[in-house]
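Visitor: First to last, the protein sequences are chains D and L.
The opening position of the first sequence corresponds to residue 0 in numbering that gives the first Met the number 0, with each subsequent residue numbered one higher.
The opening position of the second sequence corresponds to residue 0 in numbering that gives the first Met the number 0, with each subsequent residue numbered one higher.
To be clear, the hints were calculated from the coordinates, so they are not data collected in a lab.
Certain hints may be false.
Claimed, not checked - Here are the simulated DSSO-like pairs of lysine-lysine, each with C-alpha atoms no more than 30 Å apart in a straight line:
{"hint": "1", "chain 1": "D", "residue 1": "Lys104", "chain 2": "L", "residue 2": "Lys17"}
{"hint": "2", "chain 1": "D", "residue 1": "Lys85", "chain 2": "L", "residue 2": "Lys358"}
{"hint": "3", "chain 1": "D", "residue 1": "Lys85", "chain 2": "L", "residue 2": "Lys236"}
{"hint": "4", "chain 1": "L", "residue 1": "Lys307", "chain 2": "L", "residue 2": "Lys182"}
{"hint": "5", "chain 1": "D", "residue 1": "Lys195", "chain 2": "D", "residue 2": "Lys111"}
{"hint": "6", "chain 1": "L", "residue 1": "Lys236", "chain 2": "L", "residue 2": "Lys134"}
{"hint": "7", "chain 1": "D", "residue 1": "Lys85", "chain 2": "L", "residue 2": "Lys307"}
{"hint": "8", "chain 1": "L", "residue 1": "Lys406", "chain 2": "D", "residue 2": "Lys85"}
{"hint": "9", "chain 1": "L", "residue 1": "Lys17", "chain 2": "L", "residue 2": "Lys49"}
{"hint": "10", "chain 1": "L", "residue 1": "Lys358", "chain 2": "L", "residue 2": "Lys280"}
Stated by the list, open to error - Not close to chain L: a few residues of chain D, all C-beta gaps over 10 Å, as computed:
{"hint": "11", "residue": "Val15"}
{"hint": "12", "residue": "Gly28"}
{"hint": "13", "residue": "Asp42"}
{"hint": "14", "residue": "Gln55"}
{"hint": "15", "residue": "Ile59"}
{"hint": "16", "residue": "Thr62"}
{"hint": "17", "residue": "Ile108"}
{"hint": "18", "residue": "Lys111"}
{"hint": "19", "residue": "Glu123"}
{"hint": "20", "residue": "Ile149"}
{"hint": "21", "residue": "Ser161"}
{"hint": "22", "residue": "Gln169"}
{"hint": "23", "residue": "Lys195"}
Stated by the list, open to error - Here are the simulated distance ranges between beta carbons:
{"hint": "24", "chain 1": "D", "residue 1": "Gly28", "chain 2": "L", "residue 2": "Gln14", "range": "37 to 45 Å"}
{"hint": "25", "chain 1": "D", "residue 1": "Ile108", "chain 2": "L", "residue 2": "Lys406", "range": "27 to 35 Å"}
{"hint": "26", "chain 1": "L", "residue 1": "Asp376", "chain 2": "D", "residue 2": "Arg101", "range": "43 to 51 Å"}
{"hint": "27", "chain 1": "D", "residue 1": "Glu123", "chain 2": "L", "residue 2": "Lys406", "range": "32 to 40 Å"}
{"hint": "28", "chain 1": "D", "residue 1": "Ala119", "chain 2": "L", "residue 2": "Glu409", "range": "34 to 42 Å"}
{"hint": "29", "chain 1": "L", "residue 1": "Glu409", "chain 2": "D", "residue 2": "Glu123", "range": "27 to 35 Å"}
{"hint": "30", "chain 1": "D", "residue 1": "Asp208", "chain 2": "L", "residue 2": "Glu409", "range": "26 to 34 Å"}
{"hint": "31", "chain 1": "D", "residue 1": "Ser57", "chain 2": "L", "residue 2": "Gln7", "range": "33 to 41 Å"}
{"hint": "32", "chain 1": "D", "residue 1": "Arg103", "chain 2": "L", "residue 2": "Val18", "range": "27 to 35 Å"}
{"hint": "33", "chain 1": "D", "residue 1": "Arg101", "chain 2": "L", "residue 2": "Ala278", "range": "54 to 62 Å"}
{"hint": "34", "chain 1": "L", "residue 1": "Leu381", "chain 2": "D", "residue 2": "Ser57", "range": "47 to 55 Å"}
{"hint": "35", "chain 1": "L", "residue 1": "Ala278", "chain 2": "D", "residue 2": "Gln98", "range": "53 to 61 Å"}
{"hint": "36", "chain 1": "L", "residue 1": "Val286", "chain 2": "D", "residue 2": "Arg101", "range": "45 to 53 Å"}
In this text, all values refer to a predicted model and were calculated from it rather than measured experimentally.
Ideal Cβ placement from N, Cα and C applies to all residues, glycine included.
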Amino acid sequence: MGNQSLHVLRGIDLGVESGELVSIMGASGSGKSTLLNIIGVLDHQDEGSYTLDGRQISMISETEAAEIRNRHIGFIFQSFNLLGFKNAAENVALPLYYQGVRRRKRNAIAVKYLEMVGLADRAEHVPSEMSGGERQRVAIARALIAEPSIILADEPTGALDSHTSSEVMQILKNLNDDGKTILIVTHEADIAAQTKRIIYMRDGRIVEDKADPAHVQP
Amino acid sequence: MFSLDQWQEILQAIQANKVRTFATAFGVFWGILMLILLLGAGQGLQNGVKQTMLLDAINSIWIIPARTSMAYQGMPAGREHPLIEEDIESVGENVAGIDLMSPENELAGEFDVKYRNRSTSFPVFGADSEYFGIKVSQKIINGRSINRLDDVQRRKVCIIGEQAAGIIFEEGVDPVGEYLQIKGVNFRVVGVFSFESSAMDQAQRIYIPFSTFQGIFNTDRDVTLFAVTTAEGRSGKQLEGDILKFLKQRQSVHPDDNGAYWVHNQEEQHRNVNNLFLAIKIFIWLVGLGTLTAGIVGVSNIMIIIVKERTREIGVRKALGAKPASVVGMILQESVFITTVAGYTGLVLGVLLLEGMNKALDVLGADLQFFNRPEIDLRVALAALAVLIVAGALAGFVPALKAARVKPAEALRNE
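Model the full structure from these sequences, guided by the hints.
Guide: If you want it as structure tokens, here you go:
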């Protein structure tokens with residue numbers, strides 16, 4: 000890849016409050032994924048500041064970044080990113096492994112979270128034995144298990160058909176109703192329409208930031 | 000870092016990639032197996048050659064008079080100058096640095112060795128009791144050796160090689176105490192010896208005390224050859240020179256005549272053989288370590304590929320909170336684990352093969368002239384294992400660093 004740096008974001012001023020359900024929309028190359036990566040502490044900004052849960056995230060070590068990702072952020076990916084050689088429960092339990100929780104305990108907790116997404120009976124199955132929707136629900140359970148302050152979903156329905164998409168979205172909306180902060184990157188308008196705030200991006204800038212009228216409280 | 004949990008993670012990763020793991024392990028397995036077999040074979044060669052070439056005490060010197068090659072004091076070249084008993088005694092009295100010393104004569108001419116009504120033919124030698132301290136490859140397996148009193152009292156006793164004993168005596172007869180008739184004279188068998196060498200049929204020999212031999216068969220008092228051992232702390236080369244100098248003067252041989260005596264200095268030969276084996280050992284280690292290095296480089300290569308293949312997995316793990324140290328530990332531990340298990344398997348199989356070879360040689364009674372008892376030093380084997388574990392860590396090091404540098408944002412990008 001080389002070391003050439005690419006200026007993807009050109010000045011972003013964005014604040015997300017606890018409990019929001021936000022979608023980021025934009026064409027590919029608009030910088031929405033990079034923004035999500037910075038929010039997820041997978042990447043770091045060249046300039047400016049980022050504050051998560053009142054903590055300044057800049058000039059931190061890889062080890063600290065890992066710690067923050069582990070405890071404060073739950074990731075959901077378009078391609079699920081489950082480990083193929085682990086069963087559903089083991090996949091869900093992985094964040095707790097990195098917290099040093101013992102195997103028996105974390106697997107038990109994992110089964111509870113699988114129950115929450117309606118997959119308790121699939122705990123012993125490996126990803127290849129599950130449908131796309133089921134896999135994404137496993138991934139959601141994994142994102143939740145460490146009880147993070149924010150859930151970041153990168154095209155969570157991109158690989159799913161419309162029926163399972165709406166199932167997954169329903170789960171995310173329910174989580175938000177329970178108070179979870181959720182950020183969804185998508186290029187599908189109907190997915191974005193289900194969120195309470197939509198941010199449009201183009202060429203590394205936020206071009207529009209509107210609270211969806213349908214969800215605005217009177 | 001080495002928790003049970005991490006082991007489970009690694010075993011799971013290994014199980015998920017059986018073929019890949021096997022391919023990785025095989026290089027190391029093969030390397031260590033070859034190293035062990037080579038070392039064992041080298042040791043076998045060494046044992047075999049030592050047995051064949053080093054029949055006598057390491058510090059022994061054997062001297063046989065030959066024809067002179069230089070004219071001296073009016074006498075022409077090509078003169079014979081046989082030793083007589085007085086020469087030997089004189090050497091013993093005048094040359095310093097001798098520990099053991101014995102003459103040796105062989106009974107010449109046609110004769111039978113008779114036992115009751117059986118007639119056989121075996122070479123008969125006369126030698127002093129000290130002779131058997133010089134010819135260390137002869138071991139008494141029944142009865143006793145020829146002793147000082149036999150020498151002094153000129154007893155009519157003999158010791159016989161086990162091959163001769165097997166032919167002369169019927170199964171079940173204890174040779175010790177029986178009488179053999181040599182050239183009409185009866186000798187009581189006092190011992191049977193084995194000859195721990197595959198090279199010559201010296202186990203067919205019959206020895207009688209030198210004094211007896213001279214008194215009965217050789218009244219000329221001449222001596223074919225004699226052997227000495229170097230006293231502790233003395234140089235064999237020096238002693239050889241001293242004896243020759245003394246003998247040349249006594250027998251009027253030109254001081255610079257190098258052909259007048261045939262000398263076999265075991266110390267010299269021992270040094271040569273040892274040098275040869277040092278060279279062979281160095282060679283074996285070079286080849287073996289080369290093979291092993293190839294195996295380890297293979298592990299390193301495959302681990303790099305593994306890291307590449309697992310980039311996404313590593314990215315996921317990092318996104319979920321895996322710290323760099325945990326990722327490095329995972330790859331390193333996997334590498335060390337694979338190398339150690341594979342290496343240990345190769346080690347055990349190599350040792351088993353060597354043992355099997357030993358057993359087979361034993362069972363078949365194979366008497367290979369330059370090969371005997373292939374074996375490996377336990378310490379060498381353990382050292383090899385230690386080298387392996389370190390090598391495994393080294394092999395995993397570069398890939399582990401590569402893994403640590405995986406950027407989760409790039410690894411997780413949707414393809």
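Visitor: Next, verify each hint and record whether it holds.
Guide: Comparing the hints with the structure gives:
no. : hint                               : result
1   : D:Lys104 with L:Lys17              : holds, 29 Å
2   : D:Lys85 with L:Lys358              : violated, 47 Å
3   : D:Lys85 with L:Lys236              : violated, 74 Å
4   : L:Lys307 with L:Lys182             : violated, 88 Å
5   : D:Lys195 with D:Lys111             : holds, 28 Å
6   : L:Lys236 with L:Lys134             : holds, 19 Å
7   : D:Lys85 with L:Lys307              : holds, 19 Å
8   : L:Lys406 with D:Lys85              : holds, 22 Å
9   : L:Lys17 with L:Lys49               : violated, 46 Å
10  : L:Lys358 with L:Lys280             : holds, 24 Å
11  : Val15                              : holds, 19 Å
12  : Gly28                              : holds, 13 Å
13  : Asp42                              : violated, 4 Å
14  : Gln55                              : holds, 20 Å
15  : Ile59                              : holds, 12 Å
16  : Thr62                              : violated, 5 Å
17  : Ile108                             : holds, 15 Å
18  : Lys111                             : holds, 18 Å
19  : Glu123                             : holds, 14 Å
20  : Ile149                             : holds, 14 Å
21  : Ser161                             : holds, 19 Å
22  : Gln169                             : holds, 23 Å
23  : Lys195                             : holds, 26 Å
24  : D:Gly28 with L:Gln14: 37 to 45 Å   : holds, 41 Å
25  : D:Ile108 with L:Lys406: 27 to 35 Å : holds, 29 Å
26  : L:Asp376 with D:Arg101: 43 to 51 Å : holds, 44 Å
27  : D:Glu123 with L:Lys406: 32 to 40 Å : holds, 33 Å
28  : D:Ala119 with L:Glu409: 34 to 42 Å : holds, 35 Å
29  : L:Glu409 with D:Glu123: 27 to 35 Å : holds, 33 Å
30  : D:Asp208 with L:Glu409: 26 to 34 Å : holds, 28 Å
31  : D:Ser57 with L:Gln7: 33 to 41 Å    : holds, 36 Å
32  : D:Arg103 with L:Val18: 27 to 35 Å  : holds, 31 Å
33  : D:Arg101 with L:Ala278: 54 to 62 Å : holds, 57 Å
34  : L:Leu381 with D:Ser57: 47 to 55 Å  : holds, 52 Å
35  : L:Ala278 with D:Gln98: 53 to 61 Å  : holds, 59 Å
36  : L:Val286 with D:Arg101: 45 to 53 Å : holds, 48 Å
Violation of the numbered hints given earlier is confined to hints 2, 3, 4, 9, 13, 16; the remaining hints are satisfied by the structure.
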